[in-house]
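A.B. asks: Letter by letter, the chains look like this.
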Amino acid sequence: MRYPRFIVQVAVTAALLPAFAGAQVVAITGGTVYPVSGPRIENGTVLIRDGKIAAVGANVAIPDGALRVDARGKWVTPGLIHALTSLGLGEGGSPEFSGGYSDGRARGTDGIAATFDAWRGLNPANTFIAPNRQEGVTSVGVIGGGGMIGGRTALIDLVEATSATAMLRKAPTAMLGGFGSPSAGTGARDEYWDKWRRLLDDVKAYQLRRAAYESGSTRTFETTQANLEALIPVVTGQLPLMLDVDRASDILAALDFAKQYNLKVWLANASEGWMVAKEIAAAKVPVFVGAMSDIPTSFDALGQRRENAAVLRAAGVTVVLVGIGTSGGGDFNVRNIRQEAGNAVAYGLSWDEALRAVTLTPAEVMGVAGSVGSLQVGRDANLVVWSGDPFEFSTRAEQVFVQGRTFETRSRQQQLTERYLTLPPSYRRP
Amino acid sequence: MQSLRPLLALTLAGLATVSSPPLRAQTAAPAAKPTSAPSAGALSRPNADPFPSTYQPFPSRPTVIRNVNIYTAAGPLIRNGAVLLRDGKIAALGATVDVPAGALVIDGAGKFVTPGLIDTHSHLGVYPAPGTAAHSDGNEATAPVTAHVWAEHSVWPQDPQFPRNLAGGTTTIQVLPGSANLIGGRSVTLKVVPSRSVQGMKFPGAPYGLKMACGENPKRVYASRGPSTRMGNVAGYRNAWIGAEAYRRRWDAWLATPTGDPPARDLGNETLAEVLRGNILVHNHCYQADEMMQMIDIAKEFGYAIRSFHHGVEAYKVADVLAREGISASIWSDWGGFKMESLDGIKANIGLTHVAGARTIVHSDDPSYASRLNQEASKSLAAARAVGLDIPAEEAIKWITINAAWALGIDRQVGSLEVGKNADVVLWSGDPFSVYTRTEKVWVDGALLYDRADASQRWRTDFELGYVPNAGGIR
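Chains as they are written, first to last, in the working numbering: chain E, 4 to 433; chain W, 7 to 481.
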């Protein structure tokens with residue numbers, strides 16, 4: 004069984020130098036605590052020990068010697084999870100920023116890059132990581148891309164590290180399937196789905212007849228052996244297949260395809276999801292949607308609207324909020340996930356549901372709810388102390404803990420800001 | 007600071023000489039009278055207006071919004087005040103106003119009023135939705151200098167992005183050519199209103215703009231034929247202005263003594279000459295501080311003014327210079343890192359530029375951002391305060407209203423709520439600096455053109471019929 008070797012549940016051991024690195028116990032006291040897994044706690048305490056949440060509640064005994072964070076008047080929530088980013092896979096929109104590599108994009112074989120693990124090329128020194136963490140994002144999905152199959156996705160924690168492995172929370176989380184003829188090298192829609200069907204039939208055949216394949220006595224398969232191997236967890240339903248579909252009829256086609264092959268499927272974008280919300284709910288398929296665009300950007304997204312998340316949720320669909328609408332810089336602004344959540348509320352989602360859609364729900368969908376996404380005893384201490392409502396613009400993330408640690412490194416953006424807050428003497432002449 | 011008064015007077019005078027009937031009358035009138043002489047446009051006279059605005063305000067009724075908080079963009083927040091819109095203008099404003107007989111009275115308890123928002127950097131109509139090659143009309147990327155093209159000739163009035171901008175409270179936009187070229191062509195300032203023609207959207211009396219672009223885009227687009235470097239870019243601007251200056255002199259001499267045949271017309275130089283005469287405002291796409299400084303020198307060399315630097319990712323580095331030179335900065339709230347020249351983007355850019363005294367503007371360059379300019383301004387306000395810049399909300403509202411109006415040369419008509427100005431007004435469900443606040447109603451020249459409560463009256467473009475599901479009913 005080859006699948007498990009790709010699963011990496013990370014135990015964090017790296018010793019870094021954050022403010023709360025040395026402290027064994029941190030007590031965040033007096034804040035309004037939103038565990039997400041349970042009701043709000045007024046004047047609550049969150050106790051962190053060894054990077055994990057040791058206690059949460061209104062009556063928590065604080066051990067002697069605990070470092071205290073006074074959170075009176077503050078809000079305490081789980082760290083935000085943005086499930087759909089390519090953070091760390093490049094800057095500046097050009098391979099020149101990454102030694103000539105396009106780390107977010109594999110070529111694959113005939114557009115199939117099932118063995119591509121984008122996170123392995125992630126640059127922990129990427130300058131966007133710190134600013135996004137500083138605004139309350141503690142975990143992000145790392146999504147590559149390619150043609151028809153864009154490789155395996157992962158979830159990382161935004162810790163300071165020197166290796167991508169040290170940032171990993173889970174890999175793989177899903178297999179990324181593109182959509183559309185150009186990416187798949189197919190013309191008609193049905194040709195695309197037919198290619199999928201033939202591919203998965205081959206994977207099944209290969210799985211059953213691996214020995215015959217090795218001896219060269221099978222028919223020719225659609226793709227390489229490496230791709231066939233990598234797709235086995237998809238056909239066995241162990242590894243979700245993330246499909247990027249917008250048009251309502253394409254969403255239904257994706258659901259049919261998933262049902263026919265008994266696949267576990269996630270839908271990304273799903274601009275017209277609200278039009279087929281009942282069907283998505285019945286299929287128990289989670290969606291990754293935004294809440295900030297109502298523009299019919301393409302003929303496949305004519306029905307795009309900001310209420311998509313709210314309508315889907317009301318129909319019982321599992322909704323993960325992602326930054327579809329936060330264009331302009333992409334990974335530079337993963338932090339705008341909280342603006343996305345605020346807009347989702349303005350357009351019909353309840354506040355509690357919106358918070359859940361950027362914390363516990365993505366953790367559940369990705370199978371890491373046992374370690375992040377909520378404030379419960381035993382979970383990793385990924386949490387944020389906010390000056391107020393996390394979705395409001397005027398609110399600041401005052402303390403961001405990732406695995407119980409905070410990070411004091413001045414980001415490049417902070418350094419530039421500080422330099423120009425007071426014009427340096429050498430710059431006083433134009 | 008450059009005074010607008012003579013400029014507007016000239017432009018308005020130009021309009022008056024070419025007085026044209028409204029669109030409706032034009033289409034209804036039989037072609038009875040053949041025109042005898044060519045219009046001023048055919049003779050290349052400055053301020054000729056060959057595509058005149060046919061915009062007419064929509065029907066309105068006197069409207070009072072009372073018990074409402076008012077960001078005027080011209081002074082302190084008026085709490086629980088009132089505003090009267092009558093005959094398309096702000097007729098009264100203050101703690102209370104007299105309610106005329108028959109006026110619609112709206113109780114604004116807990117709500118806010120602002121001027122209609124203004125976006126200095128839009129590509130609506132020239133890059134419409136849905137994106138198709140057939141409608142990709144924003145960059146005449148066939149030569150590095152295309153001063154001869156006018157953005158308005160690319161505007162598709164049925165772009166479904168127009169009603170979405172209006173629904174976000176944006177009532178005036180400048181539509182610019184793209185940034186492929188050193189000089190991309192004329193911009194046009196539009197009212198965000200339904201119309202069959204772009205002329206029906208043109209903001210009456212608004213001066214034209216000229217789009218120029220620095221840096222990476224032109225040298226990338228023309229890498230094979232040149233310019234392929236920044237020094238090539240600068241040579242390209244200067245060569246264009248040298249030609250334009252000669253053209254202006256020839257024409258100004260002929261206009262002073264119009265005897266014999268006029269000099270040969272050149273569409274590109276006509277536009278550039280109008281910039282040199284101060285009648286067309288320069289809008290310069292420029293990310294880097296060092297390039298802005300060079301563009302300022304080029305402007306001085308040829309005697310024109312830069313009205314606004316657009317994108318200005320590094321505006322904060324030279325904000326003192328922009329303030330001194332009277333150049334506004336049209337900036338994104340939080341974009342950066344997407345190419346080399348945008349690497350130094352910081353969220354405090356707006357705040358730092360503002361406190362240095364430069365006219366600061368939050369622009370969009372994005373159809374979705376343009377439908378929530380208030381949120382973009384909110385992010386900038388929060389980022390400024392986070393680094394200790396104490397900027398009141400009454401100032402921040404100017405980033406998306408009066409400062410933008412100034413950049414477009416229409417600050418005497420719109421951009422603030424003051425008696426006598428156009429009644430472009432937005433009623434918000436709450437403080438526009440909150441993420442939870444939505445637009446409730448939007449008036450343009452006193453006419454209610456968006457009403458969240460009345461989906462049946464919602465503006466739907468021709469394109470949307472049968473294509474875009476009318477979700478209005480189930481919102």
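To be clear, the hints were calculated from the coordinates, so they are not data collected in a lab. Incorrect hints may appear among the rest.
Claimed, not checked - Dumping the calculated DMTMM-like pairs for lysine to aspartate or glutamate here, alpha-carbon to alpha-carbon at most 25 Å:
id: 1; chain 1: E; residue 1: LYS287; chain 2: E; residue 2: GLU310
id: 2; chain 1: W; residue 1: LYS117; chain 2: E; residue 2: GLU395
id: 3; chain 1: W; residue 1: LYS117; chain 2: E; residue 2: GLU310
id: 4; chain 1: W; residue 1: LYS345; chain 2: E; residue 2: GLU421
id: 5; chain 1: E; residue 1: LYS198; chain 2: E; residue 2: ASP303
id: 6; chain 1: W; residue 1: LYS306; chain 2: W; residue 2: GLU331
id: 7; chain 1: E; residue 1: LYS267; chain 2: E; residue 2: ASP197
id: 8; chain 1: E; residue 1: LYS267; chain 2: E; residue 2: GLU232
id: 9; chain 1: W; residue 1: LYS117; chain 2: E; residue 2: GLU99
id: 10; chain 1: E; residue 1: LYS262; chain 2: E; residue 2: ASP303
id: 11; chain 1: E; residue 1: LYS262; chain 2: E; residue 2: GLU163
id: 12; chain 1: E; residue 1: LYS198; chain 2: E; residue 2: GLU163
id: 13; chain 1: W; residue 1: LYS345; chain 2: E; residue 2: GLU395
id: 14; chain 1: W; residue 1: LYS345; chain 2: W; residue 2: GLU146
id: 15; chain 1: E; residue 1: LYS262; chain 2: E; residue 2: GLU282
A.B. asks: Each hint should be assessed against the structure and marked as holding or not.
C.D. replies: Results for each hint:
1. E/LYS287 x E/GLU310: With a Cα-Cα distance of about 20 Å, the restraint between E/LYS287 and E/GLU310 holds, given a limit of 25 Å.
2. W/LYS117 x E/GLU395: Given pair W/LYS117, E/GLU395 holds - Cα atoms ~17 Å apart, limit 25 Å.
3. W/LYS117 x E/GLU310: Holds, at roughly 22 Å.
4. W/LYS345 x E/GLU421: Status holds; Cα separation ~22 Å.
5. E/LYS198 x E/ASP303: holds (20 Å)
6. W/LYS306 x W/GLU331: Between W/LYS306 and W/GLU331 the Cα gap is close to 11 Å, so the pair holds against 25 Å.
7. E/LYS267 x E/ASP197: Satisfied, since the Cα-Cα distance of roughly 18 Å is no more than 25 Å.
8. E/LYS267 x E/GLU232: holds (17 Å)
9. W/LYS117 x E/GLU99: violated (49 Å)
10. E/LYS262 x E/ASP303: holds (23 Å)
11. E/LYS262 x E/GLU163: Violated: E/LYS262 and E/GLU163 sit about 41 Å apart, past 25 Å.
12. E/LYS198 x E/GLU163: violated (41 Å)
13. W/LYS345 x E/GLU395: violated (29 Å)
14. W/LYS345 x W/GLU146: Roughly 22 Å between the alpha carbons, so the hint for W/LYS345 and W/GLU146 holds.
15. E/LYS262 x E/GLU282: Distance of about 12 Å is within 25 Å: holds.
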